Amino acid sequence: MKNTPEILWALHSQVEPIDWDAVYTAELPRVYNFFLYKVGNREAAQDLTAITFERAWKLRSRYRAAVAALPTWLFGIARNVLREYLRQHRLNEQRLEPIVSREEVPSNFDVEKIVQQQQEKECLRKILLELADREQDLIALKYGAGLTNREIARITRLSESNVGSILHRTIQSIRTKWEKNHG
Amino acid sequence: MDDKFLYQLREQPNAGFVNQLRKKLQQESAAPKQGLGGFIQSILSNKRLLQAAALMAVLAIIITTISPARALVISLLANVGGMAFEVTTDYPGDHGDSEETIWPQVMSLDEALAAFPHSIQLPAGLSSEYVLNDKVQVYVGEDAGPFANTIEFEWLSDTNRVSLRVTDRDPGMAEIVAPDALEEITLDETHPAVLIRGGWDADDQVWSNNDNWIRLRWVMDELTYELAGPDQEQLIAIAQSILK
Numbered sequence: 001m002k003n004t005p006e007i008l009w010a011l012h013s014q015v016e017p018i019d020w021d022a023v024y025t026a027e028l029p030r031v032y033n034f035f036l037y038k039v040g041n042r043e044a045a046q047d048l049t050a051i052t053f054e055r056a057w058k059l060r061s062r063y064r065a066a067v068a069a070l071p072t073w074l075f076g077i078a079r080n081v082l083r084e085y086l087r088q089h090r091l092n093e094q095r096l097e098p099i100v101s102r103e104e105v106p107s108n109f110d111v112e113k114i115v116q117q118q119q120e121k122e123c124l125r126k127i128l129l130e131l132a133d134r135e136q137d138l139i140a141l142k143y144g145a146g147l148t149n150r151e152i153a154r155i156t157r158l159s160e161s162n163v164g165s166i167l168h169r170t171i172q173s174i175r176t177k178w179e180k181n182h183g
Numbered sequence: 001m002d003d004k005f006l007y008q009l010r011e012q013p014n015a016g017f018v019n020q021l022r023k024k025l026q027q028e029s030a031a032p033k034q035g036l037g038g039f040i041q042s043i044l045s046n047k048r049l050l051q052a053a054a055l056m057a058v059l060a061i062i063i064t065t066i067s068p069a070r071a072l073v074i075s076l077l078a079n080v081g082g083m084a085f086e087v088t089t090d091y092p093g094d095h096g097d098s099e100e101t102i103w104p105q106v107m108s109l110d111e112a113l114a115a116f117p118h119s120i121q122l123p124a125g126l127s128s129e130y131v132l133n134d135k136v137q138v139y140v141g142e143d144a145g146p147f148a149n150t151i152e153f154e155w156l157s158d159t160n161r162v163s164l165r166v167t168d169r170d171p172g173m174a175e176i177v178a179p180d181a182l183e184e185i186t187l188d189e190t191h192p193a194v195l196i197r198g199g200w201d202a203d204d205q206v207w208s209n210n211d212n213w214i215r216l217r218w219v220m221d222e223l224t225y226e227l228a229g230p231d232q233e234q235l236i237a238i239a240q241s242i243l244k
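Respectively, the protein sequence lines represent chains Z and P. Per the working numbering, residue 1 is the first one in the first sequence, and the count goes up by one each step. Per the working numbering, residue 1 is the first one in the second sequence, and the count goes up by one each step.
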């Protein structure tokens with residue numbers, strides 16, 4: 001049972017207006033990185049982020065904090081947007097378009113180091129894109145969007161322990177492949 | 001476990017993109033007034049909206065005075081096993097003759113699995129007397145309307161039939177059921193499910209379970225799975241064979 005301060009806080013959160021500008025500032029990088037981890041392509045990540053926020057902004061008067069936390073609601077929209085995108089772009093090859101080739105490299109940088117970093121990123125990106133959909137989803141939510149296991153559980157409708165164990169297994173598998181490539 | 005290397009793909013979104021999108025959202029927000037005050041004001045200043053409001057008032061009177069219409073409204077929204085149901089003892093409403101029938105596309109198993117936009121789990125727990133009907137029904141594309149992205153399999157034995165329907169339709173969209181139709185069970189520690197018994201008998205205009213037909217529904221990987229057949233224990237065993 002909830003105690004009085006919790007009930008008061010819940011009531012307070014119901015009446016306190018949401019600062020949507022602050023939501024935009026805080027959540028945009030997370031949503032963008034979620035897409036970046038999922039599709040491995042900057043332009044597509046930007047497009048999908050824009051569609052997500054436009055859709056969320058249209059629906060925001062319907063958002064109810066009592067029903068779902070903001071990240072749950074927003075990433076629910078983001079995942080629907082992604083699903084529609086993937087249906088339209090069934091060719092997975094498109095997702096393999098490298099980001100690194102278009103990264104800007106400052107002129108005074110150690111070129112060798114930069115190249116090595118880019119190769120590492122590219123290797124990791126390929127490993128991620130080869131993951132099964134669910135595992136890729138959880139990695140994108142965890143490391144791209146920076147969500148907690150609890151938040152991921154709410155978004156994916158998996159239990160928190162299930163999220164933890166899938167992530168653990170997935171990270172181990174990624175690490176093995178990663179070390180194989182860097183061993 | 002050291003997982004820091006997994007963060008290295010993160011980056012700040014391009015500032016130009018961030019500012020441009022913010023501007024666009026702000027412009028869209030500056031559009032019409034929201035809330036009850038704005039709604040009433042817009043109704044009063046718009047003849048068409050005023051007419052629509054009058055029509056809604058008439059509909060409200062109809063709903064509260066005519067029994068079948070009232071029954072559609074007076075019901076309880078229940079959430080069982082993470083799925084929504086509208087529970088009512090009254091008349092759920094029949095579909096009119098004018099309602100459009102949406103036909104599935106019939107395909108072989110391989111074609112159907114290729115056409116369906118999600119990867120799905122098929123049961124491994126069916127006894128050998130059951131044979132999969134190779135005519136799999138698939139609802140995809142614009143013609144499928146509200147059934148879009150639904151796939152239906154059927155297994156037949158000499159005496160029985162078991163079907164499996166998988167859809168990405170939102171499990172929050174409530175189905176109308178009788179109060180004693182639902183039973184929540186768990187398939188394993190992470191998969192609650194619901195048993196649904198009986199349905200609306202349009203001939204006799206009553207809720208009925210005479211056909212002893214049971215449905216078992218659960219959500220997995222954002223897809224809703226629904227097995228149907230006459231034997232509850234068999235359905236549960238098949239469902240457990242589908243779980244990941």
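A few of these clues could be false.
[Stated by the list, open to error] Below, computed lysine to aspartate or glutamate pairings styled on DMTMM-like, alpha-carbon distance capped at 25 angstroms:
{"id": "1", "chain 1": "P", "residue 1": "Lys23", "chain 2": "Z", "residue 2": "Glu130"}
{"id": "2", "chain 1": "Z", "residue 1": "Lys113", "chain 2": "Z", "residue 2": "Glu179"}
{"id": "3", "chain 1": "P", "residue 1": "Lys4", "chain 2": "Z", "residue 2": "Glu130"}
{"id": "4", "chain 1": "Z", "residue 1": "Lys58", "chain 2": "P", "residue 2": "Glu222"}
{"id": "5", "chain 1": "P", "residue 1": "Lys4", "chain 2": "Z", "residue 2": "Asp19"}
Simulated from the structure, these hints should not be mistaken for laboratory data. Values in this document were obtained by computation on a predicted structure and should not be read as measured data.
Here is what the structure says about each hint:
1. A C-alpha spacing of about 36 angstroms is found between Lys23 (chain P) and Glu130 (chain Z), which places the hinted pair above 25 angstroms, so the restraint is violated.
2. For the proposed pair Lys113 (chain Z) and Glu179 (chain Z), the alpha carbon gap of about 19 angstroms is at most 25 angstroms, so the pair holds.
3. This hinted pair checks out: Lys4 (chain P) and Glu130 (chain Z) have alpha carbons roughly 20 angstroms apart, not beyond 25 angstroms.
4. Taking the CA atoms of Lys58 (chain Z) and Glu222 (chain P), the gap is near 24 angstroms; set against the 25 angstroms cutoff, the hint holds.
5. Among the hinted pairs, Lys4 (chain P) with Asp19 (chain Z) is inconsistent with the structure: their alpha-carbon atoms are about 32 angstroms apart, more than 25 angstroms.
Comparing the model with each numbered hint stated earlier shows that hints 1 and 5 do not hold.
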